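Produce the complete structure using the sequences and hints provided.
Listed here are the chains, written in short residue letters.
Protein chains: 2
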Amino acid sequence: MELKVIAYARNGHTDKFGIPRQSRDESPILTRIVFEPEYRVPEALRGIEGFSHLWILWGFNTTDWSPTVRPPRLGGNKRMGVFATRSPYRPNPIGMSSVKLVGVANGQTANGEKGLELIVSGADVMDGTPIYDIKPYLSYSDSHEDAKNGFAEETKDYHLLITYYSPTNHLLEVLPEDVRKDIEYILSQDPRPAYQDDPEREYKMDYSGYRVTFTVDKGVVCVQNIEKSENNLHN
Amino acid sequence: MELKVIAYARNGHTDKFGIPRQSRDESPILTRIVFEPEYRVPEALRGIEGFSHLWILWGFNTTDWSPTVRPPRLGGNKRMGVFATRSPYRPNPIGMSSVKLVGVANGQTANGEKGLELIVSGADVMDGTPIYDIKPYLSYSDSHEDAKNGFAEETKDYHLLITYYSPTNHLLEVLPEDVRKDIEYILSQDPRPAYQDDPEREYKMDYSGYRVTFTVDKGVVCVQNIEKSENNLHN
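So the protein lines, in turn, are chains B and R.
Heads up, the first sequence is in the numbering used here, so the first residue is 317 and it goes up one at a time.
Heads up, the second sequence is in the numbering used here, so the first residue is 317 and it goes up one at a time.
These are computed hints drawn from the structure, not numbers from a lab.
It is possible that part of the hints are untrue.
In this list, chains with the same sequence are indistinguishable; a pair is considered to hold if it fits within one copy or across any two.
Stated by the list, open to error - The calculated lysine-lysine pairs, modelled on DSS-like cross-linking and capped at a C-alpha distance of 30 Å, are:
hint: 1; residue 1: Lys332; residue 2: Lys320
hint: 2; residue 1: Lys394; residue 2: Lys430
hint: 3; residue 1: Lys520; residue 2: Lys534
hint: 4; residue 1: Lys464; residue 2: Lys320
hint: 5; residue 1: Lys430; residue 2: Lys520
hint: 6; residue 1: Lys394; residue 2: Lys520
hint: 7; residue 1: Lys534; residue 2: Lys430
hint: 8; residue 1: Lys332; residue 2: Lys394
hint: 9; residue 1: Lys464; residue 2: Lys544
hint: 10; residue 1: Lys497; residue 2: Lys320
hint: 11; residue 1: Lys320; residue 2: Lys394
hint: 12; residue 1: Lys520; residue 2: Lys497
Note that the structure is predicted; figures quoted are calculated from it, not measured.
Structure, rendered in structure tokens:
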């Protein structure tokens, strides 16, 4: 079966580094699901506003699968079966994420055509990700509050605290409030590659037109610098 | 992107009629997910036993999409946007279902090769359905107990009661207990096509090697007959 791209995701994640590893209700990050011309059919969304959550099926940027993978949250030194993980290295590189529906927009595209998009929050996808399907979330079928999460259980409540290197405080004033919230959320999720725990190491992350430099020491992020980035948003 | 079939589903649903319209925790119906030769790799399942629930991504048997569809639970007389439903008439005919993991089996295939399968319960798929992916269910990411279910809200607790036409009672004695439970579950979910409410009408459904004849009157199913069916299980 051949998959068709029905839309593309647009958000501040122009950089792979920093994309949350799963979708989360508490994520403030907005993503626009911009329909391709063939699927710009407002009727196809009729009734969708009644749902608080949606599923998106989307494409990973991988081509090969591996029977075992090293989940980042296990420190990268333990191998698990790929079907016991949400790793992208699957036979069919399709990701699925439950997101909150924020709104439906009928905008105009860059070349003046009538556009159609969904605005959602909480997605764990990069800017430009191809979208294959959108489905309503049905709590009586999809929600299993007490499901056992296997080896992923302990990572459930893991997060880092955020501090700012004081000479950078003035930078916060020029940073739009929503971008600051997004960045703090992303950093709290520990975007470092698995198995790295060097308090001296400086990481750089591009998000929504800004470049953030930070270090991590004993569960605390310290933002070292924030500057305008050339890695700009697509449209 | 081209999808690969990694496994096929095997269960008692040799007949399209009777397949539950969504997966449900309370469904007793077992499905075997039988891996294709290339994916019979036990390591690819390492760690999966720690999860109580899994996602399966699978293929619908449809080729064309429609921007609007008539959800059976709305009586079949109201049109909704396809992306506001779980209808099969989507641009990419992929279904997703959360199922309970019952076990992992390393059996032998019919031609003596080493097989590999997952046994799950609660799937809403037909016997022979192609499976594209298996993912662990992560409650902290996938569970939204209080999600609003739009127009599907009212169908949440809908079910029929089951009675037996008394001259057929002796048939229950030859019916294996687990098949009887499955059949009663399926009937309670109201397998009738949308918009039919004729108490005289007899429906026939094949399940797990049996043919069940029933009528429905005022929210109560009456099983009229159960006989061995020629529509046998695949292997």
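Hint check results:
In this homomeric assembly, Lys332 and Lys320 come within 30 Å of each other (Cα to Cα) both inside a single copy, at 23 Å, and across copies, at 26 Å. In this assembly of identical chains, the alpha carbons of Lys394 and Lys430 lie at most 30 Å apart only when taken from different copies (27 Å versus 49 Å within one copy). Proximity of Lys520 and Lys534 under a CA criterion of 30 Å is satisfied intra-copy only: 19 Å inside one chain copy versus 65 Å between copies. Taking the shortest alpha-carbon separations for Lys464 and Lys320, only the inter-copy value of 29 Å comes in at or below 30 Å, while the best intra-copy value is 34 Å.
Taking the shortest alpha-carbon separations for Lys430 and Lys520, neither the intra-copy value of 37 Å nor the inter-copy value of 48 Å comes in at or below 30 Å. Proximity of Lys394 to Lys520 under the C-alpha cut-off of 30 Å is restricted to the intra-copy arrangement: shortest distance 26 Å within a copy versus 52 Å between copies. Taking identical chains as interchangeable, the C-alpha atoms of Lys534 and Lys430 are never at most 30 Å apart, the minima being 50 Å within one chain and 48 Å between chains. For a Cα distance limit of 30 Å, the shortest separation of Lys332 from Lys394 inside one copy, 23 Å, qualifies, whereas the shortest one across copies, 42 Å, does not.
Taking the shortest Cα distances, Lys464 and Lys544 never come within 30 Å of each other, neither inside one copy (43 Å) nor across copies (39 Å). With identical chains, the CA atoms of Lys497 and Lys320 are never at most 30 Å apart, being 34 Å at best within one copy and 40 Å at best between copies. For a Cα distance limit of 30 Å, the shortest separation of Lys320 from Lys394 across copies, 27 Å, qualifies, whereas the shortest one inside one copy, 35 Å, does not. Within a single copy, Lys520 and Lys497 get their C-alpha atoms as close as 17 Å, which meets the 30 Å cut-off; across copies the closest is 58 Å, which misses it.
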